[in-house]
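Counting in the numbering used here, the final residue of the sequence shown is number 810, and the numbers go up one at a time with none missing.
In case anyone wonders, no lab produced these hints; they're calculated from the structure.
Among the hints, a few may not be true.
Computed Cβ-Cβ distance ranges for the label pairs, DEER-style [what the hints assert, rightly or not]:
1. 653 <-> 690: 49 to 59 Å
2. 615 <-> 724: 21 to 31 Å
3. 690 <-> 721: 21 to 31 Å
4. 612 <-> 804: 33 to 43 Å
5. 794 <-> 615: 36 to 46 Å
6. 688 <-> 787: 19 to 29 Å
7. 767 <-> 787: 10 to 20 Å
8. 688 <-> 723: 31 to 41 Å
9. 647 <-> 683: 37 to 47 Å
Virtual Cβ for every residue (Gly too), placed ideally from N, Cα, C.
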Amino acid sequence: MNQALQREAQRQQQLLRALWRDVPAESLQGWLREPHDGAVAEGLAAYRGNAGAIAERALAAAFPTIAALVGADDFAALARDFWQHHPPLRGDLGEWGEALPAFIAGNAALSSEPYLADSARLDWLVHAASRATDGPEGPPALDVLAQAAPEALQLVLRPGCALLASRWPVAAVWHAHQAESHDRFAAVRAAFAAGRGDNAFVRRDGFAVRVEALADEPADFTMAVLNGAPLSAALDTAGDHFAFDQWLLQALQQRWLVAVHVTPSPPAA
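Use the sequences and the hints to build the structure in full.
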């Protein structure tokens, strides 16, 4: 990095530190271009005034379910508080917010709604999937399934695929906030009354993102695949009652599966 770029990076870092009050505002005086009296205070006041509104818009885009669940005023306060504790580290605010679920889980004011943190986790997975790369379009070659041992095979799912196993019916909550029907929360009430959780599977479908609740065995298998387990280990995780043929058919029809990799055998000793 040349000296000009290095100095600019230092100037921006110092600005952020002053913005979050890690250093006194006066420390910026030597970093400003042609400063005038009061320029530092005026500039920081403008930045701080805009930061809250920017935080609200950015987080509302990434966490629409949470914004709807807590209400506009409480979400605005949450966004501003989160901005103070976890300011953006990159210029692209679409990458900001991953820490919000844990922040919600540790927020005493929200402890009466324990499902909010997992709902935020699902919102973030949906947001990340919407920004994921498209991945290959063609179907994967499946001949290796009959040619190699399961221990040597690894299934690869489309970018953006993710699974959240929650003790709360987060998939039902998410769907209720996407629907427009008269009694769209009936399924949510029934799930809470039954004490049911969801295995929420997130996937890209063209430009859209889909969320569906998987049964336990398919969810266990899918999670193992997402974690990079070989096919044999994923099958062991899912258990004897898991129907791999049904999972594979669905994965092909809905284009979750994009590749089957074969792990080379180690050379003979």
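Comparing the hints with the structure gives:
The hinted range of 49 to 59 Å is satisfied by residue 653 and residue 690, whose Cβ atoms lie roughly 51 Å apart. Checked against the hint of 21 to 31 Å, the C-beta distance between residue 615 and residue 724 comes to roughly 25 Å, which is consistent with it. The hinted window of 21 to 31 Å between residue 690 and residue 721 is violated, with their beta carbons roughly 50 Å apart. Checked against the hint of 33 to 43 Å, the C-beta distance between residue 612 and residue 804 comes to roughly 50 Å, which is inconsistent with it.
Take residue 794 and residue 615: their Cβ atoms lie about 41 Å apart, and the range 36 to 46 Å holds. Judged by the Cβ atoms, the range 19 to 29 Å given for residue 688 and residue 787 holds: they are separated by roughly 22 Å. The hint said 10 to 20 Å for the Cβ distance between residue 767 and residue 787, and at roughly 18 Å that hint holds. Distance hint for residue 688 and residue 723: a CB-CB separation of about 53 Å, inconsistent with the stated range 31 to 41 Å.
Taking the beta carbon of each, residue 647 and residue 683 are about 45 Å apart, inside 37 to 47 Å as hinted.
Comparing the model with each earlier hint shows violations of hints 3, 4 and 8; every other hint is respected.
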